[in-house]
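Using the numbering used here, the first residue of the sequence shown is number 34, and each one after it goes up by one.
Heads up, a few of these hints could be off.
Unchecked claim - EDC-like, lysine to aspartate or glutamate: derived pairs with alpha carbons at most 16 Å apart:
no.	residue 1	residue 2
1	K108	E63
2	K341	E329
3	K341	E50
4	K108	E156
5	K217	E50
These are computed hints drawn from the structure, not numbers from a lab. Note that the coordinates shown come from a computational prediction; the quantities given were computed from them, not determined experimentally.
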Amino acid sequence: MNHSARAFWLRSPGHGEIRDVTLAEPAEGEVLVRTLYSGVSRGTETLVFRGGVPESQHAVMRAPFQEGDFPGPVKYGYLNVGVVEAGPRELVGRSVFCLYPHQSRYVVPVSAVTVVPEGVPAERAVLAGTVETAVNAVWDAGPQIGDRIAVVGGGMVGCSVAALLARFPGVRLQLVDADPARAKTAEALGVDFAAPGDALGDCDLVVHASATEQGLTRSLELLAAEGTVVELSWYGDRRVALPLGEAFHSRRLTVRSSQVGTVSPAARAGRGYAERMALALDLLADPALDALVTGESAFEELPEVMPKLAAGEIPALCHRINYTGNGLT
34 MNHSARAFWL
44 RSPGHGEIRD
54 VTLAEPAEGE
64 VLVRTLYSGV
74 SRGTETLVFR
84 GGVPESQHAV
94 MRAPFQEGDF
104 PGPVKYGYLN
114 VGVVEAGPRE
124 LVGRSVFCLY
134 PHQSRYVVPV
144 SAVTVVPEGV
154 PAERAVLAGT
164 VETAVNAVWD
174 AGPQIGDRIA
184 VVGGGMVGCS
194 VAALLARFPG
204 VRLQLVDADP
214 ARAKTAEALG
224 VDFAAPGDAL
234 GDCDLVVHAS
244 ATEQGLTRSL
254 ELLAAEGTVV
264 ELSWYGDRRV
274 ALPLGEAFHS
284 RRLTVRSSQV
294 GTVSPAARAG
304 RGYAERMALA
314 LDLLADPALD
324 ALVTGESAFE
334 ELPEVMPKLA
344 AGEIPALCHR
354 INYTGNGLT
């Protein structure tokens, strides 16, 4: 077995580096995975890169295979697709998804990987963790046939939620974003698009994912009486002010949080994390979701790419990291 690997670490806020790693032999019940692609979840990972995780949330925000601690040095990430090189015979040679950071090879328990279904290319499977978040959000939101719905915030999570909600019959659905470039993404997903000032009101349900105070305020404005905002944004250490006076109480509005760390209580009884992830991968058979991958870089370029993503110089939804060159595979 190849015992060497390379991993991306946040050395300190705003500064990343690639480190050499020595792997142990996989034990019984473990697999060795060679990474093909990983994905940068722009919202959460750039917040981590900037050092914006509040101290009170250091434990909650830990990724499943994180090493180190916030604000750094820390190895962080959770969108990884690779091929099993060693482990149980039925898994060797199979493509798998794992909630693992950016690393060229790694050893994890068999229970930590999910086989990528036939018909889902590895390049698209890096979206599984984000689609899993969207699945949980839709379970929390509980849309009804014929609902009037807006998704405010056309980032990676918001677009994933919109793509799933577009499958509900009879709904009126708009993706709302201040960036007119998101109209092209919405079109690829089969979803109507609107700028914030042009969005249709009287919504029964608004899913908010812009991570801005203005976006959450606009989400409340778009609601019909007794409507609900499902809040998906993660604000890190920022404080958000909301207009909870005015007509908030008289219109009996609701703001409800949704977070992927817990399986929604609205999910069918008995569904756990493994079932939710398998469902997310099945949903990725839809080629329309390729629209969520908006750029790609080689693994060795990550120390230069992450600051540009954090600064908005690279306008990404999911930025894919490719490990298939530079002798990494």
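Cross-check of the supplied hints:
1. K108 with E63: violated, 21 Å
2. K341 with E329: holds, 13 Å
3. K341 with E50: Holds - the C-alpha atoms of E50 and K341 are around 14 Å apart, at most 16 Å.
4. K108 with E156: Violated, because 22 Å separates the two Cα atoms, which is more than 16 Å.
5. K217 with E50: With a Cα-Cα distance of about 34 Å, the restraint between K217 and E50 is violated, given a limit of 16 Å.
Going down the numbered hints, you'll see the structure goes against 1, 4, 5, while the others check out.
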